[in-house]
Amino acid sequence: MQTKTIKTILLNEWRLLAADRTLRIVLPLFIVLFAYALANGMAWVRFQEHTVQVVREGNVQRTEGLERELAAIKNGAEPSSPFRDPRNANVMGGRRGARSVALDPGPLTALAVGQSDLLPYYYDVSIYTNETTFLQNGEVENPLNLMVGRFDLAFVAIYLLPLLVLAMGFNVLSGEREQGTLALTLSQPVSARRFVTAKLAFRAMLVLAAAIGVSLIGILISGGFGSSGPLGRILLWCAALTVYALFWFALTAWVNSLGRSSSWNATVLVGAWLVLVVVLPAAINIAAGLLHPLPSRVEMITAQREASNDAVNRRSELLARYLEDHPELTGGDATDEPSRAALAWAATDAVNQRLEEVSERHRSGRDEQNELIRRYRFLSPALLVQEMLIDAAGTGDSRFARFQSQVRAYAGQWQSFFVPAILAGEQMSADVLPTLPAFNFVDESLGDVGQRATVPLSALIILVGLVGAGAWVGLGKVRGAG
Amino acid sequence: MESGQESRIENTSEVQTVDESETLADSAGAAVAPVLEARSLSKRYDEVDAVVGLDLRVGPSEIYCLLGPNGAGKTTTIHLFLGFLEPSSGSAHVMGLDVAEEPLKSKTHLAYVPEQVMLYRNLSGLENLAYFAALGGKESLPTDRLTEILGEAGLQADAVHSRVSAYSKGMRQKVGIAIAIAKEAGALLLDEPTSGLDPEASNEFSELLEQLKDRGVAVLMATHDLFRAKETGTRVGIMRHGRLVAEMTTDEIGHADLERIYLEHMHD
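Chains as they are written, first to last, in my numbering: chain W, 1 to 482; chain C, 1 to 268.
By construction, these hints were calculated from the structure, which means they are not laboratory data. Do not take every clue at face value.
Claimed, not checked - Calculated lysine-lysine pairs in the BS3-like style (CA-CA distance at most 27 Å, straight line):
#, chain 1, residue 1, chain 2, residue 2
1, C, Lys169, C, Lys105
2, W, Lys477, C, Lys169
3, C, Lys169, W, Lys4
4, C, Lys213, C, Lys138
5, W, Lys7, C, Lys213
What the hints assert, rightly or not - Which residues of chain W face chain C? A few of them, derived with a C-beta cut under 7 Å, are:
#, residue
6, Thr3
7, Lys4
8, Asn12
9, Ala183
10, Gln188
11, Val190
12, Ala266
13, Thr302
14, Gln304
15, Ala401
16, Arg402
17, Gln404
18, Gly476
19, Lys477
20, Gly480
Ideal Cβ placement from N, Cα and C applies to all residues, glycine included.
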């Protein structure tokens, strides 16, 4: 009986929606928006893939250039400049031989650009790599994009999908009451609870079919299915979308159960959207910035300049101190006259140490900001779903932090390889090139992503449960059409 | 009706003052189990008593007309039988089922035609009938049978597939009756069903009620229309201030008697 009733209501919903001109316009409009957002995300992925390709080709070209010049020098040719002599360790390990390392786009970047247009996804690693390297993004980006985020599928899902849900559900019960059909409906053996649930379930199926359908098409077109471990990420993406949409459907059911007019419902629901999706996330971000301000980049640059000037003036002293701190690098003999390269390295190291202080303040301020946002994200389902969507896409903070951490470690390996040679004044040859440290990014596992998603997904499910319980109780009280 | 309180119940020719346990309703329902039954049914809104200690029985093939002015409690009584309202005390029963305890089960035996039958405007009469009949448990009725039912209810054949937005009130009422016919419910609740209908449509409506009565349906109809109540009803009850103040069988009174009794109670 229950199944038949639900089937009857679903069938009637199909008839009603098919006959409703408004929804025939709104739903295709959203599908167009989804498609546009997808195209936008795919354009970004193509740009990022092209950039990564160029960066990697640069590595090959630089290595080939060094090989050619070293071979020529071996055959008697002079280096193009004494300051660019690739036989010097500080040149081969410096900018001439720098290795560019890049992070491939996340498996579902086409769906959610996330932090990938904000955080650097490639670095030039050399002996001069320091903390300022990690604070700079080589891309020139439209500031409006950086401020409000790109119009991608995640944007549509987080900001606009709730509006579609509200448009389809704000009058699910009040509309029936206002047009007079509720009395006839509730005189049949069906409760308001089952009636509204079935109606909203049908609308939820339409909305989710559109949102998930476009997502899957996007993944298919962008080749996401071919990348490693996409299934878990796709499932997380779909689960986040589903639970988020269910939250808004549950909210519409709750508001409808209060027995007010459709216009009242619409006002309250749009107000809830404004507060939960726009105002609260913005307020939390502003509070994070005010309570835990970051040192400015200008301060970082000023510190770098001051440290550089100071280091240049005190290079000999710095080198002596450096060798005292690192006796293993002297080979037991620190009495030789230091080379120009060794003096330069000592100055570089001193600058790096000074910058470390500022960057540490920057890091800790950023950590405190993130902690505050993490603590208060439970107030806004939009923040929770955003975290999950961009994490599922592989464009969240965590993947970039992982990349940065591995690049930092790689920079350490690079320095460890070249600095002893600089201090010892060793000459480099083409034979060294194949033995240089290589960067291999170890991407996060699905387990890492799943573990991070557990808390926001659970929180969102609890929110759906709470709001749904409110709707359940409220609808249980609806007995008649009055 | 409050316990121990006496009610003044009239029959055809004389005014009787009897205890509630001896009402005409009792005698009418004594032989056959009632389809609709109110037992000391009361509904109170804040400071207002909408229905007070109502005892009422409607058996199969009976058309019981509830008369009374606006605010007398007629619609509230119907809504209590439908389970739209929760009684403050007492109980409403449909086919022996307590409406408050088994609201959905009791509705399987009920059909309801409100004063304004409002349907889905973007759907046709046939589609509306198919939907509400299916909701009422008759999901397997074929289209031919549904069309036939609409015809039985008096809807013109050319209107069957038209959108309801183009229907008159009378046509919508006919679809409402068609829904009741399709449901084959044991009881029919009507709330001012002929209000706003032209005389011809009202007559057609009365004929339909007669047919339903002949099929054994128990009908409880709230109405202002004394003439229609006398012509169509088998019994008439007069409500005032939430109380059933008079009850009579229509066979034994004339139009003038009914009007006189009604007006007497309205001017008490």
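Structure-based check of each hint:
1. Between Lys169 of chain C and Lys105 of chain C the alpha-carbon distance is near 30 Å, which puts this suggested pair outside the 27 Å criterion.
2. In summary, the hint linking Lys477 of chain W to Lys169 of chain C is not supported, as the alpha carbons are separated by about 31 Å, beyond the 27 Å threshold.
3. For the suggested pair Lys169 of chain C and Lys4 of chain W, the alpha carbons sit about 30 Å apart, so the restraint of at most 27 Å is broken.
4. At most 27 Å may separate the alpha-carbon atoms for a hinted pair to count; Lys213 of chain C and Lys138 of chain C meet this at roughly 21 Å.
5. Distance hint between Lys7 of chain W and Lys213 of chain C is unfulfilled; the C-alpha atoms sit about 32 Å from each other, more than 27 Å.
6. Here the hint on Thr3 of chain W is broken, as its CB sits about 11 Å from the closest CB of chain C, past 7 Å.
7. Hint status for Lys4 of chain W: holds, given a least beta-carbon distance of 6 Å to chain C, under 7 Å.
8. The criterion of a C-beta within 7 Å of any C-beta in chain C is met by Asn12 of chain W, whose closest approach is roughly 5 Å, and the hint holds.
9. At its closest, the beta carbon of Ala183 of chain W sits 5 Å from a beta carbon of chain C; the interface hint therefore holds under the 7 Å criterion.
10. A cut of 7 Å between beta carbons decides the hint on Gln188 of chain W: the least distance to chain C is about 4 Å, and the hint holds.
11. At its closest, the beta carbon of Val190 of chain W sits 6 Å from a beta carbon of chain C; the interface hint therefore holds under the 7 Å criterion.
12. Contact between Ala266 of chain W and chain C, as hinted, is not supported at the beta carbon level, the nearest pair being about 20 Å apart and thus beyond 7 Å.
13. The beta carbon of Thr302 of chain W comes no nearer than 69 Å to any beta carbon in chain C, farther than 7 Å, and the hint placing it at the interface is violated.
14. Here the hint on Gln304 of chain W is broken, as its CB sits about 69 Å from the closest CB of chain C, past 7 Å.
15. For the restraint placing Ala401 of chain W at the interface with chain C, the shortest Cβ-Cβ distance is roughly 54 Å, beyond the 7 Å limit, so the hint is violated.
16. For Arg402 of chain W, the interface hint is violated, the least distance from its beta-carbon to any beta-carbon of chain C being 54 Å, above 7 Å.
17. Interface restraint check for Gln404 of chain W: the shortest CB-CB distance to chain C comes to about 57 Å, outside 7 Å, so the restraint is violated.
18. For the restraint placing Gly476 of chain W at the interface with chain C, the shortest Cβ-Cβ distance is roughly 11 Å, beyond the 7 Å limit, so the hint is violated.
19. A least Cβ separation of about 10 Å between Lys477 of chain W and chain C goes past the 7 Å threshold, and the interface hint is therefore violated.
20. Nearest Cβ of chain C to the Cβ of Gly480 of chain W: about 3 Å, under the 7 Å cut. The hint holds.
Violated hints, in rising order: 1, 2, 3, 5, 6, 12, 13, 14, 15, 16, 17, 18, 19; the structure is consistent with all others.
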